[in-house]
Amino acid sequence: MGADPSMYGKGLRPLSIATPVAFAITLSLVFFYAPIEADQGFLQKIFYLHVPLAITALCGFIVGGIFAVLHLRRDDPRYDAYSYVSIHISVIYACGALLTGSIWAKGSWGHWWVWNEPTLVSFLIVFLLYATYYPFRYAIEDRQRQARYASVFAITAGAFVPLNFLAVRMSESLVHPRVFATAEGGLPGSMLLTFLCSIASMALLWTTLVKFELSAKSAQGQLKRLRRALDAPTGPPTSRIAPEVH
Amino acid sequence: MVATLYGWIVAAPAIPNDVGGKYVAGAYIVFVLLLLIYVSIMAMKLARIERGLREVAEVAEQRKEDATAGETTPAEVKS
Numbered sequence: 001m002g003a004d005p006s007m008y009g010k011g012l013r014p015l016s017i018a019t020p021v022a023f024a025i026t027l028s029l030v031f032f033y034a035p036i037e038a039d040q041g042f043l044q045k046i047f048y049l050h051v052p053l054a055i056t057a058l059c060g061f062i063v064g065g066i067f068a069v070l071h072l073r074r075d076d077p078r079y080d081a082y083s084y085v086s087i088h089i090s091v092i093y094a095c096g097a098l099l100t101g102s103i104w105a106k107g108s109w110g111h112w113w114v115w116n117e118p119t120l121v122s123f124l125i126v127f128l129l130y131a132t133y134y135p136f137r138y139a140i141e142d143r144q145r146q147a148r149y150a151s152v153f154a155i156t157a158g159a160f161v162p163l164n165f166l167a168v169r170m171s172e173s174l175v176h177p178r179v180f181a182t183a184e185g186g187l188p189g190s191m192l193l194t195f196l197c198s199i200a201s202m203a204l205l206w207t208t209l210v211k212f213e214l215s216a217k218s219a220q221g222q223l224k225r226l227r228r229a230l231d232a233p234t235g236p237p238t239s240r241i242a243p244e245v246h
Numbered sequence: 001m002v003a004t005l006y007g008w009i010v011a012a013p014a015i016p017n018d019v020g021g022k023y024v025a026g027a028y029i030v031f032v033l034l035l036l037i038y039v040s041i042m043a044m045k046l047a048r049i050e051r052g053l054r055e056v057a058e059v060a061e062q063r064k065e066d067a068t069a070g071e072t073t074p075a076e077v078k079s
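Note that the protein sequences, when read in sequence, are chains A and B.
Residue numbers for the first sequence follow this note's numbering, beginning at 1 and rising by one.
Residue numbers for the second sequence follow this note's numbering, beginning at 1 and rising by one.
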């Protein structure tokens, strides 16, 4: 099961080339093509970073949930690894979304954080929910039980993400701007193109990082196997939280 | 060439002229820093894997040498 070591690193090379190229194009579009927004001015450029980070993080959490379903259905530890890494990278993305959003809030509203804004608070709740994923895994010693319970967590939390998004979308918000089309009208063509490129670049980076992390974990797993086969010293202990990948 | 490029950049409509510039720069720097931190952590992990591989390779080579020595010794005694 998952014996082919090239599996995780497959496609990493073209992805590693495509990601910086995509970012170069996106940043050029952001700073030299997309017009300055009339209401927010130059500050709106943060949205080409903040919103794709948030969207990719939320999608990543859902992807983690889907892999968790596959893990429970097929009992294949590979899917647990996929789920773990998807959530891991998405937590980093969510952290970036919170930080960049906070910077935007300071520039636009004059406050680093506004507690009565549903979009912000709900995103923080999702982030904190997923931040408990690590101690949750760490609390369970047995690897198989750990993987099963983590999958249940990932599915439950993954289902919560779109529900939470819908709830916020339906709630009346006075201050948080909407990026996609609303009743008042959507983005102009040049901004929409830039925004879609930003999302594509961010998703590409997410995929590259997931593959990179999986390859590193696979290398670690292969090394462990090699040590066992040679009956060599086991070396320093590896993470108890991360699933073993072979 | 450089002057033309500079003139084009200055004339570009998206160059910051207002107070938002420092926040935009801050947000993009935070993103780059996050990426750098992640890459540094992964670099440390890969260095650990490389160290482990070297150790395992040394053990394997040592065993091969021992096995070769074990095979050649009786032949040397015979001659």
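Careful, some of the hints might be misleading.
[Said to hold, decoys possible] So, partial list: chain A residues that the calculated Cβ filter (under 10 angstroms) puts toward chain B:
1. Gln40
2. Phe42
3. Lys45
4. Ile103
5. Trp104
6. Lys106
7. Glu141
8. Leu196
9. Ile199
10. Ala203
11. Leu204
12. Leu205
13. Phe212
14. Ala216
15. Leu230
[Claimed, not checked] Label-pair distances were calculated between CB atoms; the ranges are:
16. A:Ala229 / B:Leu35: 35 to 43 angstroms
17. B:Leu53 / A:Asp142: 49 to 57 angstroms
18. A:Leu128 / B:Ala57: 22 to 30 angstroms
19. B:Asp66 / A:Arg143: 19 to 27 angstroms
20. B:Glu55 / A:Ala159: 57 to 65 angstroms
21. A:Ala229 / B:Met42: 56 to 64 angstroms
[Claimed, not checked] To list a few chain B residues with every Cβ distance to chain A over 10 angstroms, as calculated:
22. Thr4
23. Gly21
24. Leu36
25. Ser40
26. Ala60
27. Glu65
28. Asp66
29. Thr68
30. Ala69
31. Gly70
32. Glu71
33. Thr72
Rather than coming from a laboratory, the hints here were simulated on the basis of the structure.
Since this is a predicted model, take the numbers as computed values, not measurements.
Just so it is clear, CB atoms sit at the ideal spot from N, CA and C, and this is done for glycine as well.
Hints versus structure:
no. : hint                                   : in the structure
1   : Gln40                                  : holds, 7 angstroms
2   : Phe42                                  : holds, 4 angstroms
3   : Lys45                                  : holds, 5 angstroms
4   : Ile103                                 : holds, 5 angstroms
5   : Trp104                                 : holds, 7 angstroms
6   : Lys106                                 : holds, 7 angstroms
7   : Glu141                                 : violated, 23 angstroms
8   : Leu196                                 : violated, 17 angstroms
9   : Ile199                                 : violated, 14 angstroms
10  : Ala203                                 : violated, 15 angstroms
11  : Leu204                                 : violated, 13 angstroms
12  : Leu205                                 : holds, 8 angstroms
13  : Phe212                                 : holds, 7 angstroms
14  : Ala216                                 : holds, 6 angstroms
15  : Leu230                                 : holds, 6 angstroms
16  : A:Ala229 / B:Leu35: 35 to 43 angstroms : holds, 36 angstroms
17  : B:Leu53 / A:Asp142: 49 to 57 angstroms : violated, 28 angstroms
18  : A:Leu128 / B:Ala57: 22 to 30 angstroms : violated, 44 angstroms
19  : B:Asp66 / A:Arg143: 19 to 27 angstroms : violated, 34 angstroms
20  : B:Glu55 / A:Ala159: 57 to 65 angstroms : violated, 44 angstroms
21  : A:Ala229 / B:Met42: 56 to 64 angstroms : violated, 26 angstroms
22  : Thr4                                   : holds, 15 angstroms
23  : Gly21                                  : violated, 6 angstroms
24  : Leu36                                  : holds, 12 angstroms
25  : Ser40                                  : holds, 13 angstroms
26  : Ala60                                  : violated, 6 angstroms
27  : Glu65                                  : holds, 14 angstroms
28  : Asp66                                  : holds, 13 angstroms
29  : Thr68                                  : holds, 17 angstroms
30  : Ala69                                  : holds, 18 angstroms
31  : Gly70                                  : holds, 17 angstroms
32  : Glu71                                  : holds, 19 angstroms
33  : Thr72                                  : holds, 22 angstroms
The structure fails to meet hints 7, 8, 9, 10, 11, 17, 18, 19, 20, 21, 23 and 26 from the earlier list, while all remaining hints are met.
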